[in-house]
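**Q** If you use mature numbering (1 follows the signal peptide of the UniProt record, and there is no 0), the sequence shown corresponds to residues -18 to -1, 1 to 1165, in order.
Keep in mind the hints are simulated off the structure, nothing from the lab. Beta carbons: idealized from backbone N, C-alpha and C, even for Gly. Keep in mind that the hints are not guaranteed to be accurate.
[As the list claims (entries may be wrong)] Here are the simulated lysine to aspartate or glutamate pairs, EDC-like style, with alpha carbons at most 16 Å apart:
| hint | residue 1 | residue 2 |
| --- | --- | --- |
| 1 | Lys1165 | Glu1134 |
| 2 | Lys1113 | Asp1156 |
| 3 | Lys1147 | Asp1111 |
[Unchecked claim] Quick list of simulated restraints, FRET-style, between CB atoms:
| hint | residue 1 | residue 2 | range |
| --- | --- | --- | --- |
| 4 | Glu1142 | Gly742 | 32 to 38 Å |
| 5 | Pro436 | Leu216 | 46 to 52 Å |
| 6 | Ser413 | Asn723 | 28 to 34 Å |
| 7 | Leu831 | Asn723 | 38 to 44 Å |
| 8 | Ser413 | Leu831 | 36 to 42 Å |
| 9 | Ala896 | Asp725 | 18 to 24 Å |
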Amino acid sequence: MKIKITLLLCLVTSWMQAQLTTTGDIAFVGFNADGDDDIAFVTFKEIPANTTIIFCDSEWNGTSFGTDEGDFTWSSGATVIPAGTVIAINTISATITPSIGSITVNNAGGLSSSSDAMFAFLGTSPRTVSTMLAAISNSSTGFGDLTNSGLTVGSTAIVLPEGTDIANYNGVRTGLNANGYLSQLNNPANWQVEDTAADDHNNSTTPDLPFNSTQFVFSANDTSAPTVAIVNVLTQYTVEVIFSESLNPASAETIANYDFAPSLTITSAVYNATLNSVTLTHSGFTIGSAYQLTVSNVQDASNNALSPTYVSPSLYYNTLTSGLLITEIMYNAPSANSNQLEFIEIYNNSASAIALGGIKVKDESNFTFEFSELSIAAGGIVLLATDKTSADAFYGVSFIDMPQGISNALGNGGENLQILNSIGAIISQVSYDDASPWPLSPDGNGPSLELLNPNGNLNDGTNWAPATNLVGQSLGLNVLASPGTFTPVLASNIAFASETRIVNENDGTAQITINLSNAAASIVTVNVAIVSNVGTATNGTEYTYTNETITFPIGSTSQTVNVTLNDDAVANGDRYFVLAISNASGANITGISQNIVYILDDETDAAVGSNALDINFLSSYLVDATGSAEIVAHDPVTQRLFVMNSTASKVEILDFSNPSAITSIQSIDLSSYGIGGTSIAFKNGILVATVEGANFGNGKVVFMDANGTVGSVVEAGVLPDMITFTPEGTKVLTANEGQPNSDYTIDPEGSISIINVSGGFNNVQQSDVTNLNFNAFDSQLATLKASGLRVFGVNATVSKDVEPEYITVADDGLKAWVTLQENNAVATIDLVSNQITAITPLGLKDHSLTGNSLDTSDQFGAIFMGNWPIKGMYMPDAIANYTVAGTTYLVTANEGDARDYDALAEEVRVGSSAYTLDSSVFPNAALLKKNSNLGRLTVTNASGDTDNDGDFDEIHVFGSRSFSIWNTTTGQLVYDSGDDFEKITANDPTFEALFNASNDNNNLKNRSDNKGPEPEGITVGQINGATYTFITLERTGGLMTYDITNPLAPVFVSYKNSRTTTAVGGDLAPEGIIYIAPTNSPINKGLVVMANEISATLSIYEITNDTLGNDDFIGNPNSFVVYPNPVIDGKVYFNREVSVSLFDVTGRRVTEKENTTTLEMNYPKGIYLLKTTDGMIEKLIIK
């Protein structure tokens, strides 16, 4: 006996130590769809080191996962995880944190409390399955179709109560084997669940997080009774009973163990050991009738008998194929809880009664309602309500109650509703919408949607109308509906098949379809004509069309209009025109009466890179997997990088001596100085960081050395969001945004702080801080607004409304300029008198002009670079400067930014009913407001009403999707990159697929409706005698480079990007950017370093033809080159004879020499400045 027990224990231990290979090797024990979303699972086998499990919450479609929702990959780590261990994976929709192991791939979305599922599987990231392990869902239909998944509902696929928000397994955890635990996990009584409208995961009501992490202990013996996981109706004469584990074959095939009610004769019971299933053949179901199966006495392989007796839910077989239609939908009734009055009307459109048992109503989110045994007469109606009690009382007719978890079946933004038979075949379906051509008033304004013609196209919005029968009032609105009554309207309607048609210039012909809702009983005609004075395409140039009358012969339902497209060899840009139907005879024009034809140019005028700089991606470095990387600075002496990790409120100090192998030195915690770090800068051995103050108090500036040792801390203004040094390094400037609180009860002044640091990092006093405000401009409010300054905050003055964003300082250190982003302006600072001397509004960019096209819709199926009557507010974020022939120019990255507070929200879409266009300026306003045109475009409601009459005479958008160059002497714009950025990315062979994608998804055109690629960071550098600017694109990602040596005629050099194009990954959301010259570079080549906020990475680009060598001494006789730098052997050489003075970092003159080409440098190590008598300045390093 002892020998047998020992052998059995060895077998159990061996099984538990096996690696994960089989469905059911793990099981979910926790599910939370509230807060940031969480799951937990138990492993029934030992998990070897470095095992990966992939999790996905998309539905399974019978062969694979969908492309929606999210996925992530979990790695077990370097140690073995024992069988029985519970692993929690927390905050799935934020920064994923597992209790054991790590997340190696993160494309997660989150969990929904409405019909969502989570799958765990072995395979290849992101969604290639080799072995499905387990699944859990808060809906019986949340999994999708589990065919070919290997999962079984009621066993390896756990179903929680419908609509569960949070669930925690609280059943037995000792004394069972894996099959026994699976049975317990599929018993709803063993789960603590909660489902309220509030956030349930931490409300002090059981269950709350964390999940129960008590380990599962396994029994050496199988003492668990088998259970029935599910019964499936296969045919009218067969059912499949799936059990939780292997069975005793004789017991499984004993017919007496199975019984149907009403009684059916069972003729065979066949056991499938592979599937743990028994197929019963019987005398046959009656269509639409309910049956229940009782199972008893079945034993598992260890002879444990099923207990208690299993009784199935009602089973149906109903293969109806036609006759049922949805004829009325109340999807967004006006009520305190719109679900109270929502309903569906189903009509029997056949000539015979229909048995409804087993018929299902399903929505696209997989909420499913199944009819019980019921019959509906010919022409009869059945009504389904999401709240029967309320609907019965209000409408005065009787409804069938759908489960409360199904309430989301009637989506307010549109929905697909299907009527299915018992085997899942579609009987009929309708996909309604809250956008044209569907009636708009049913979306919350009172009426339901009513079908007109039951023989017409159920999915044609023109075949539906708002109800007109007044039932009563709710929330002060008339509720119009007629549940229980359906009167068909058989008149024929005529309309375009779609609102839009997208064609290529070289397609030859554009074919546009016009439809009749019913086959014509007599000849139907309609006129088709070009809408004059609308569109950007010209008849006879881009296309040729003669207005005509289209005839529908008897029996016809569709006709085609052909428009000739004129292909040329000129890049004219994308254009559009509009066709309209009118004067129909024999039918009513209802629905889509206009068709917009978009012609995509087959030539491109995207700028072609000169490739004057050989820029190559060198490396990417992850700064902090749970943090961010926003601003980066460099020390050429120690070859360190300093990164602002704003999320963690830390400064990360990195060893940059090998750019291909960056390593961390240490992190400096800034949390004791305020509520979050915002910016950093480094110069002459001093590291400075800004920190936001709590409760809208003044921020702090923290002074450190290159090791992160804090020497001094002083106060700046409110929300210091950017910091920089003057060129000689004796002053630090901060841009203090002074943003308001959400309700505008606090609105600090925007300001600039100038800090004297000549005493060194450890000797900066508060007395060294000079704060500059904008009070002097308050009296100029009216004048400034008239000239274009955006001042529109609550009770705003100029000094409160301005929000300094980014500073650049002139090379001579005498002036600085700061962007006032939200105000669409730049301020000038005199650093001699420490005064703000001017505010210069930047004006508007006209997107109706050639060269200023843009893509405006995230819901249009193609990239359409069109010209539209809109104007862009430049609203630059980062700014840099350079000087040409004595004139200084500003270079700006025109990102755009909106104010969004509880008390002031300026963002609105052009298509919003709250945004009214002046009809005299925009006679085609309805056309512009379509989602394919400008309807989706995010604009401001704070400007554009030029005559103050309440409607908008100009359309103002945020940012200009470009970079610009401005003359500081005249304040005039001398160059703008126009539509370069969008055209370049749209034609990039690698990144075209990410055109206007955001930085957290790879969705094409995701940001077309709002600022496009969003140029954010900018810097300039002198390379090989030319001046270049480098610009980061925050959304699309990557680096744009231009030669701006001639500020009037910059030249595009190249576009580089290091984000991935398949899954969301790589370097995402570049913000801060620096150029490192060869003299300061650890590899003696020019480098560009970008800090990427979302991915928390640094991107390193090498400029291989930007090197230090003898060529630096050739060329411009007025250039000033110092070599070697850093100093070698105590002596430096100049490329020409100069008179020069040497200064240390405090500004103290160390030595000077006239008319020389060399200089002795026997001084302590550090950073020095050489200044020539002709104004040239060069930094010099002694190591």
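**Q** Next step is simple, just say for each hint if it's right about the structure.
**A** Status of each hint after checking the structure:
Distance restraint check for Lys1165 and Glu1134: the Cα-Cα separation of roughly 21 Å exceeds the 16 Å cut-off, and the hinted pair is therefore not satisfied. Distance check on the hinted pair: Lys1113 and Asp1156 sit about 22 Å apart at the alpha-carbon level, beyond 16 Å; violated. Using a Cα cut-off of 16 Å, the hinted pair Lys1147 and Asp1111 holds, with the two alpha carbons roughly 12 Å apart. Take Glu1142 and Gly742: their Cβ atoms lie about 25 Å apart, and the range 32 to 38 Å is violated.
Remark: the range hint 46 to 52 Å for Pro436 to Leu216 is contradicted by a beta-carbon distance near 33 Å. In this structure the hint that Ser413 and Asn723 lie 28 to 34 Å apart at CB is violated, the actual value being about 44 Å. A hinted range of 38 to 44 Å for the beta carbons of Leu831 and Asn723 is consistent with their spacing of about 40 Å. Checking the proposed 36 to 42 Å range against Ser413 and Leu831 shows it holds: the Cβ atoms sit about 40 Å from each other.
For the pair Ala896 and Asp725, the beta carbons lie near 21 Å from each other, so the given range of 18 to 24 Å is met.
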